[in-house]
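Read top to bottom, the protein sequences are chains A and P.
By the working numbering, the letter at position 298 of the first sequence is numbered 313, and the numbering carries on one by one without gaps.
By the working numbering, the letter at position 119 of the second sequence is numbered 120, and the numbering carries on one by one without gaps.
It cannot be assumed that every hint is accurate.
Straight line, CA to CA, 20 Å or less: simulated DMTMM-like cross-link-like pairs of lysine to aspartate or glutamate [what the hints assert, rightly or not]: (1) P:LYS323 - P:ASP34; (2) A:LYS263 - P:GLU438; (3) A:LYS308 - P:ASP398; (4) P:LYS60 - P:GLU340; (5) A:LYS308 - P:ASP488; (6) A:LYS308 - A:GLU275; (7) P:LYS323 - P:GLU340; (8) P:LYS235 - P:GLU221; (9) A:LYS308 - A:ASP331; (10) P:LYS323 - P:GLU417; (11) A:LYS308 - P:ASP273; (12) A:LYS263 - A:GLU275.
In silico contact screen, one side only, chain P against chain A (beta carbon under 8 Å); selected entries [what the hints assert, rightly or not]: (13) GLY193; (14) GLU194; (15) TRP242; (16) ASN307; (17) THR479; (18) ASN483; (19) ASP490; (20) THR491; (21) GLU493.
FYI, nobody ran anything at the bench for these hints, they're computed from the structure.
Think of the CB as a built atom: it goes at the ideal place given N, C-alpha and C, for glycine as much as any other residue.
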Amino acid sequence: MAYGHPVWRSAMRRTTMGISSPSGGRCRSEDRRSQPALGITTVSASWKVLFHSNRAGLETGAPVPLLQSAALEDGQSMRNKGPGRLALLAALLLAAPAAAQPLAEASPDDVTHGKRIFEIHCARCHGLDGVGGEGPNLMRENLRRSTEDDALIEIVDNGIAGTDMPGHGSLNTREIRNVAAYVRSLGVAPREELPGDPVAGKDLYDMTLCSTCHITNGEGIALGPDLSDVGLLRGSAFLRESIQDPPKVVNPRYRTVLLETADSRTVMGVRTGEDTFTVQLIDEAGRHRSFRKSDLREFQLLPEESMMMSYADFTDAELNDLVAYLMTLRGPEGGSE
Amino acid sequence: MTTRRLVGAAILFALTAAPALGQVSYSRLVNADDEPEVWLTYSGNYKSERFSRLDQINKDNVSRLRPAWIYQTGTVGRVEVTPLVADGVMYIAEPPSTIAALDAHTGRRLWRYDPIVPDETLNIGFPRTNRGIAILGDTLFFGTLDARLIALDRTQGDVRWVTQIADNAVGYAVTAAPLAVDGKVIVGISGGEAGVRGFLDAYDAETGELAWRWWSVPAEGEPGNDTWGGDSWKTGGGATWLTGSYDPDLGLVYWPIGNPAPDWNGDSRPGDNLYTDSLVALDVNTGEMQWYFQYTPHDVHDWDANQIPVLVDAEWEGATRKLVIHANRNAFYYVLDRETGQFLRATQYATQTWAERIDENGRPVRVPNMEPSEEGTLVWPSLAGSTNWYSPAYDPDRMSLFVPTREMSSIYFKSEAEYEPGTPFLGGGERRPDADETYGAVRALDALTGELKWEFRQLTPAVSGVLATAGGVVVSGTQEGNLFALDADTGEALWDFYVGGGVRAAPMSFALEGTQYISVAAGQSIFTFAVAPDADAGGND
Numbered sequence: 016m017a018y019g020h021p022v023w024r025s026a027m028r029r030t031t032m033g034i035s036s037p038s039g040g041r042c043r044s045e046d047r048r049s050q051p052a053l054g055i056t057t058v059s060a061s062w063k064v065l066f067h068s069n070r071a072g073l074e075t076g077a078p079v080p081l082l083q084s085a086a087l088e089d090g091q092s093m094r095n096k097g098p099g100r101l102a103l104l105a106a107l108l109l110a111a112p113a114a115a116q117p118l119a120e121a122s123p124d125d126v127t128h129g130k131r132i133f134e135i136h137c138a139r140c141h142g143l144d145g146v147g148g149e150g151p152n153l154m155r156e157n158l159r160r161s162t163e164d165d166a167l168i169e170i171v172d173n174g175i176a177g178t179d180m181p182g183h184g185s186l187n188t189r190e191i192r193n194v195a196a197y198v199r200s201l202g203v204a205p206r207e208e209l210p211g212d213p214v215a216g217k218d219l220y221d222m223t224l225c226s227t228c229h230i231t232n233g234e235g236i237a238l239g240p241d242l243s244d245v246g247l248l249r250g251s252a253f254l255r256e257s258i259q260d261p262p263k264v265v266n267p268r269y270r271t272v273l274l275e276t277a278d279s280r281t282v283m284g285v286r287t288g289e290d291t292f293t294v295q296l297i298d299e300a301g302r303h304r305s306f307r308k309s310d311l312r313e314f315q316l317l318p319e320e321s322m323m324m325s326y327a328d329f330t331d332a333e334l335n336d337l338v339a340y341l342m343t344l345r346g347p348e349g350g351s352e
Numbered sequence: 002m003t004t005r006r007l008v009g010a011a012i013l014f015a016l017t018a019a020p021a022l023g024q025v026s027y028s029r030l031v032n033a034d035d036e037p038e039v040w041l042t043y044s045g046n047y048k049s050e051r052f053s054r055l056d057q058i059n060k061d062n063v064s065r066l067r068p069a070w071i072y073q074t075g076t077v078g079r080v081e082v083t084p085l086v087a088d089g090v091m092y093i094a095e096p097p098s099t100i101a102a103l104d105a106h107t108g109r110r111l112w113r114y115d116p117i118v119p120d121e122t123l124n125i126g127f128p129r130t131n132r133g134i135a136i137l138g139d140t141l142f143f144g145t146l147d148a149r150l151i152a153l154d155r156t157q158g159d160v161r162w163v164t165q166i167a168d169n170a171v172g173y174a175v176t177a178a179p180l181a182v183d184g185k186v187i188v189g190i191s192g193g194e195a196g197v198r199g200f201l202d203a204y205d206a207e208t209g210e211l212a213w214r215w216w217s218v219p220a221e222g223e224p225g226n227d228t229w230g231g232d233s234w235k236t237g238g239g240a241t242w243l244t245g246s247y248d249p250d251l252g253l254v255y256w257p258i259g260n261p262a263p264d265w266n267g268d269s270r271p272g273d274n275l276y277t278d279s280l281v282a283l284d285v286n287t288g289e290m291q292w293y294f295q296y297t298p299h300d301v302h303d304w305d306a307n308q309i310p311v312l313v314d315a316e317w318e319g320a321t322r323k324l325v326i327h328a329n330r331n332a333f334y335y336v337l338d339r340e341t342g343q344f345l346r347a348t349q350y351a352t353q354t355w356a357e358r359i360d361e362n363g364r365p366v367r368v369p370n371m372e373p374s375e376e377g378t379l380v381w382p383s384l385a386g387s388t389n390w391y392s393p394a395y396d397p398d399r400m401s402l403f404v405p406t407r408e409m410s411s412i413y414f415k416s417e418a419e420y421e422p423g424t425p426f427l428g429g430g431e432r433r434p435d436a437d438e439t440y441g442a443v444r445a446l447d448a449l450t451g452e453l454k455w456e457f458r459q460l461t462p463a464v465s466g467v468l469a470t471a472g473g474v475v476v477s478g479t480q481e482g483n484l485f486a487l488d489a490d491t492g493e494a495l496w497d498f499y500v501g502g503g504v505r506a507a508p509m510s511f512a513l514e515g516t517q518y519i520s521v522a523a524g525q526s527i528f529t530f531a532v533a534p535d536a537d538a539g540g541n542d
């Protein structure tokens, strides 16, 4: 492979620039959910969603979409597909005999083909065999965003707006379908037996003051990612690595800004927005601040590794406990897997 | 004078003068530089300089640039138009293909014409938008997403004629501004990503009848067809989706040509794939090609040549020469002789990893193994290129070309490509690598050498066109929503304003009653700025 890092990082970094705020992504998810079923196909609905997201003005701050652009005149506009294209694709999919066939009934050849594509495009985040890592474990009873085949195909095709899940950017209809068929074939992995004690892990979480940067179930400060459903979204190995060696894995959307104002005050905080002329941040007191770069004596984005502290000095037992606790965090309803 | 004669004169005036605006004659278009208070063509003049000869807005007062008015289209797509201004009226296009006339003093709408583009209209590879209008006489000309060319009376917005120029069902569309010349309207098409076969058309401005068609991909038996394998020419792309330039003295139209299809999988089209990724010079009367120059033979990275070619007359090695300059998507800046197409110079102006150099004939010497692959191939620049359709601006006083620049790489993927009419015909795609430290810039290039004079760095890769002015300020924007003005000599930022929407169009300038304005489309609106009075100067500014 000619690259060694996940695609979503750069995508997310850009999403943070400009107007997007930590809540920006969430808005998009809601847009997505609020779309009425179109009664044609989900692919068609997804185009609609993309169009809708565009419309929301998010392009302003999010030059690079989570979806990777497909082919374009100008190389960046495929998201802006309109209803015409929708209808046509819908018609094509409906017309194709394969479209009516459930993914679970795909031929072994198609599933094998899908596995090969999965390993190239998906395994970096979802792990080989879909066991999860940086992205969710896919070997579950129900994939909460894609209980229906069409929804799964849509996600493979276009990603999930407002999350780190990108669209594929380069697969044709058959390849998308075969990847989806492979994901459907993954089955259910047995619940991972974790060595730690989640109760002790919770104590450690509180003692270490993790909540000064993370929210769990509504408590804490949102400087870093909300961990309320991190047990669903990440694999245990990824969490272990995040705690021990954050620079390797921590999402670069969370960047520390260090600046010095004209009157020699130093301000440090987490960047929430940036454009060519200004920067917005949440400072150490949790206040929203905005600065013009030209007014500053100094402005720097600290290297990515400085964002999350490393906790490499945890003992193995402590680390096990903490990871075990984090893996119990499965969202408000306890995880509708 | 008797009462009867007075009444007669009044009626005559009412019948002739009152409803009609002035004529925008062909000679006004040719001599656009003499009339800097109007903006009559997409790029400001036939040379495509996008240079305003107004100098009221200058380095000293540009910091007081303030909104004069804002027009909200109320539409949902991207507004990417360059407005035209003539006789106090601004003409704009709104997504997808609607034309509106605004009072240029206030932004209040005078009329709007919606050609009603059906919902099922295809737009494969480009947004549902319209980037500009042409004007000739008292008529406006524009294309629609469903590939019609329409002529409107510019006073009322009434339809004069409609010509269906191609079939949208296979992917053809019009997003680019037509170019009006003497008695003709030249219009290009979009649709390369659907595997259409590209062409450039000229229509009679009075009747809408086809005057000539030039195919950008030669048919069997025609010169250049042997640069395609098998039947690949039939679906070869080569769209003509950006407005070209015109030299009235030479009678030549200069038009940039898009990439070959399928984009990232070139297996089915062995050869150079003429005339994709080229600049062509066509006889304005017949459409016959006089010369071509291909920037990127056998392109597999989607590096259309659809960037604005700028016509420059300059001293070249001791003699005055007619040149055409062009900052290409492939990261090189080119100088050609526009009479002959002779290659004179290429200079790299942005990061690239695909070519070792450009040889003495202008042909790239390629770095091996830079083609898209199933596993992905990291290449600079990204598929959107080192620049794109966003107009550059040429300052003839400084002999600087200001280029909206993108510093960005892609991982290019290759996959199967099967042609089905009216669907994407791509054969791959791109992803952005994590380590990719992307940014944008306005770069000022020496027009003769292509060497960098200065750059103004932007947070993200450029998507905005550039305007240069005789006041020594250069105006552009960012996709983050900034509009800004730079010192044309140094690149220093002199002014900026947050418009709250990505600037995905190019600014232009005009003047009314002695006041210079700068207008730009951003987000879903048109913003128009003028210099506010200087409070400190006691209103004497």
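Here's how the hints hold up against the structure:
| no. | hint | in the structure |
| --- | --- | --- |
| 1 | P:LYS323 - P:ASP34 | 18 Å, holds |
| 2 | A:LYS263 - P:GLU438 | 17 Å, holds |
| 3 | A:LYS308 - P:ASP398 | 32 Å, violated |
| 4 | P:LYS60 - P:GLU340 | 37 Å, violated |
| 5 | A:LYS308 - P:ASP488 | 18 Å, holds |
| 6 | A:LYS308 - A:GLU275 | 10 Å, holds |
| 7 | P:LYS323 - P:GLU340 | 7 Å, holds |
| 8 | P:LYS235 - P:GLU221 | 9 Å, holds |
| 9 | A:LYS308 - A:ASP331 | 44 Å, violated |
| 10 | P:LYS323 - P:GLU417 | 44 Å, violated |
| 11 | A:LYS308 - P:ASP273 | 47 Å, violated |
| 12 | A:LYS263 - A:GLU275 | 28 Å, violated |
| 13 | GLY193 | 7 Å, holds |
| 14 | GLU194 | 5 Å, holds |
| 15 | TRP242 | 5 Å, holds |
| 16 | ASN307 | 7 Å, holds |
| 17 | THR479 | 5 Å, holds |
| 18 | ASN483 | 5 Å, holds |
| 19 | ASP490 | 19 Å, violated |
| 20 | THR491 | 15 Å, violated |
| 21 | GLU493 | 10 Å, violated |
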